[in-house]
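Listed in order, the protein sequences are those of chains D and S. If you're matching positions, the first sequence starts at 115 in this note's numbering and goes up one per residue. If you're matching positions, the second sequence starts at 46 in this note's numbering and goes up one per residue.
I should point out that these hints are in silico values taken from the structure, not numbers from a laboratory. Being a predicted model, the structure only gives us computed values, none of them experimental. The C-beta atom is built at its ideal place from N, Cα and C for all residues, glycine as well. None of the hints are false.
Pairwise CB distance ranges, derived in the manner of DEER restraints:
1) D/Gly282 to S/Ala323: 26 to 34 Å
2) D/Leu288 to S/Ala74: 29 to 37 Å
3) S/Thr154 to D/Gly335: 48 to 56 Å
4) D/Ala343 to S/Thr154: 40 to 48 Å
5) D/Phe181 to S/Leu107: 40 to 48 Å
6) S/Thr297 to D/Thr261: 35 to 43 Å
7) S/Val184 to D/Thr261: 35 to 43 Å
Here is how the chains run, residue by residue.
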Amino acid sequence: MTADSNPALLDTEGPPGPGADGDPAKAGPASARGPRARNTRAYLLYVAGKLGGALVSLFAVLVTSFFLFRLIPGDPVKQMTGGKRVSAEQLAAMRKEFGLDKPVMAQFWDYTGKVLSGDFGTSYQFHAPVMEKITEALPATLLLTGTAYVLYTLIGIWLGTRTAWRNGKLGDRLHTGLALTLYSVPSFWLGLLLIITFSVGIGPIPGMFPTGGLESGGETGLAYVIDVAHHMVLPVITLVAVGYAQTLLVMRSSLLDEMGSDYLTTARAKGLRDDLVRRRHAVPNALLPTVTLMFVNLGTVVAGAILVETVFSWPGLGGLFYAALSVPDLPLVQGLFFVFSAAVILMNTLADVIYPLLDPRVGR
Amino acid sequence: MTTESAPSAPTAPGKSARSLAWTRRRHSAARFWRDYRTHRAGLFGLATLVLIALAAVFAPLLVGSDAQSVTDAPGAPMESPSAEFPLGTDQFGRDLLGLLVWGARMSLTVGLLAAVLSVAIGTLVGITAGHFKGWYATVIMRVTDWFLVMPTLVLAIALAAVMSGSVWTIILAIGVTTWPTTARLVRAQTLAVESRPYIERARALGGGHGHVMARHVLPNVMPLVLAQTTLVISGAILTEATLAFLGLGDPTSVSWGGLLQDAREAGAVSAGHWWYLAPPGLAIALVALAFTLCGRAVESVLNPRLGASR
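In isolation and in its complexed conformation, chain S is listed as follows (with noise of 0.2 Å):
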């Protein structure tokens, strides 16, 4: 995982430094492959989220385009499950599999960028707050333990019912409150390895904060951050189904959480229509657990001693 280490011989001719940087990456990927592939759960979970995916990526192809839209639904309104509506269908006659298969891709695109918000913002203030050490870093640490200590889903409540409903709002909301989890853990891997001689080293041949950070320090926490982002983005996959369900999503797209909000608000529940309820927080739960899996298969092949089941 250290990209970053003496030359111990030296270089082969035809053989550059970035090259031998490169091939070692390419072996320790192969070696972290052999790893993860003896955590059962996490393959059950990596393929659970390729096959889901897919789905999103070629809805249009799966389902047609137009599943989307309320004035040309195919069928009469609240259907039961039959041979062409296998889920039955909504309060507009819309074919409630199309939904759901579009949904994934609201749901999954919310998720990943909110993830990746949440756990950049993460990253930057950890790096940044174990790097420069003094003033800097108390502020910005008492600024992570405050919102460490907030209720995440009543702020990205608050935030969502602030700001307009619409996607951005959510992968913002959820991003924003989110990022101290990551910025402590990053922070902590942060110090141990500023604590290590080769920093010293490449302080001593004149590299800069810039220089240290990204090009020693980024590299070394970059495995701790690939976890804690499959992590972060079931919570996020979550979240975004709560706030959609709350009616703090965006109105004008079909989402998971605005599936079950819909079925609430026309009455599925009190009619007994579980195949209009149940498909989509299945759905949910589904990709949430698949990255939850990814994500500590990732943690205990980087990190042995965890001990998670395989």
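So here's chain D without its partners, still in its complex pose (with noise of 0.2 Å):
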């Protein structure tokens, strides 16, 4: 999701921690009496903190996802019958069926209860429970992006620290470059390119890879693994080229802050070869930052497909987005929008409570 401007990117600082005044652990050396129990206290109290927030945000989330699709124009009830001849009294049946005669506040409290009992409706367009259609779409989205995001991830961190290492050289520079391009490139754009150049082919070039879908059908074992595993290589390359950028610059800066500490001038002193200076002393430190980075990200797998997905007509969550929105299939949408929120915001918090156990410095 190459249009995010997302502020991890400009924010480098790691999540905030509770205000440092006011935390008598945080000032000063520990005193005598179990410094250790005092921290867990803390500690215990900040998770506790940022678990309320993370419910706060869930239900704001579900105030947003009702409120928000009530506004499309448009009768849901009238675009489920598409056209067709249907009696008023047909139409008032269908209007109770889907709850839709309620006043809004009773629609509200109705939707809030089923949500917690993981209920979403009845997708208008599927005749199917929107639960059901997600849990299907689930695997191949995770299967797709999660690949993708354990190799930019890893390949960012390797080439930020190799870019910061040689600051200002000539690789820096063209690997910097390299990834500011790519970050500025749509994603749904370089997916077409893709596809007309290594699946249709032009020139020279053979079409070698599938223009879409999972598989290609009739494979069983070992084949059907390979056939899904060759659909999977151009997708993956898009959500790749467009998606290291971030981590490669994070881990950059961070690694280049890190490099004037005097701690590295330690370790040079007593003999280190630099590439040990950098493995054991530089670039533990400069992955905090990175850390939040590849949370915030682990978010947005779930919803961050959406355009590759469409363009490479991939079975998961993104496609199933994109159908819903053109109809409009209301409850599917409704449902899409909570689980793709509800996956960032979980993450987030997740990276906030972990956050502290790997730099003492925050939160405690």
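Each of the two chains sits in its own frame; use the hints to bring them together as a complex.
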């Protein structure tokens, strides 16, 4: 999702901890009387605060997903019938069936109750429970974006480290420039170009990869795995190409920040080889902001491929969202909106909760 | 960058405080340009933007004002590039080069307006949240945090889908979903500015909330806001293209994202017509990259510690 102007690119400070003031465990060396116990208590309070915040956010998502999609113009019942001749009684019966005849607030509380029990209603266009459609599509999305996520995180960290260590050299400038360029490229366009080049084929390049979908059908066992992998190549390349720049830039800038530090001079002075200084001393410290970004990105694993999935006809959540939007299939859009947002919120909360364990300066 | 400083010397005869302030502003602008000039990538971005903006402004002169007309299209549908049509034609026989130049208008306009809207909301929220402490700041920052964690694109898509497809819908959808980053940055800067003694002095002299925020805080956060604007624009242009590609844009006007959608619907992908697909995407990437480069250069002039590549 290149179009996101993701705050993480600009804000590399890590999650904001609770205020530094008024936190006794943070000030100065811990007192003799059980510093660990006090730290644990402060940490638990911090975690509770973050979880509470996450719950508030989730409720806000629920409210938004309900009221936002009430604004869609057009009568959903009329759209469901698709222009067929239906009597007024039948329309009224359908409204009743979908609960559209009740007052809005009553509908909202109904909706909240149902969502809490995992029921997002019935899709207008597939005539199947929304939850069923989502769980059907989820594995395909997780497979695609999960693979891409692992790859672009690793590539980003590796290249970020290399470019920062050779700061200002030609290689650094080339890599940073390439990453920035790919970061500016719309993912769907890159996907379309890859399809044209490697699936359809131009000039001397033959069509090597399938144009879309998850499988060719009819394969079993190992052949099926290979077939799916073959279908994954182009979408994964697209996602990695537009995704690794952010990790690279954050890793690069945080490593550059560390590189002036005294402890690196000390490490060199005691005679460590250059790559040991980098691996054992600089990188672990510089990784911290990148870890935050990794979690932020993890939240977008679920929602991150709407466009790429659409372009490659991948049978995942993104493709489902596109299909739902074009109707518009209200319950399905609502359900997906909630799932996408909830994934991001949960992952951000997880990042906030884990971060103080990695960096004791935060949140204790 | 600070416009507020105690008049160090008694004002020279014939020079009012206002004209002194303008002299100082001119000097700081000159200093800014001197620093900016040393950033090669920033200069490249700026030159690219000037070229594209000129092309967009003079589009009617360059390619004629009837390039968008479907009815009297000059060529046959889906022609390959030729001397007459350097980029080929679309499914209606229109010259793709002309459409590309006209598309620049739409993409730049939407990008600029959406970014201005987004940064304006962000600045307003940030300054007020930093100035008024207490429950107002708590509530407004909670809202900001909430917008910050929402997946921007999903929210923008939802908003654009809910409202009718027009240019203003897209501008609004982008502006409303991207302001929180600016709000956080501006709030942090506001808190820093407000802790300085001259704010206390302004208050002691009877300056009200509005005076302090507009005359003292705003000028000091302005450089940050400008750098942020250039960065937001590139995101906004990408989002505009994305929304148009998903069919959520204004169907009556030509934009780069819309061109890509047209290309896909006309079957340019399976036919292997790369000359239809490549230019609009390249244009989007080039403009987004140019704004990003400018933004990074401005940022590192204002804050040399960032050490962006020169």
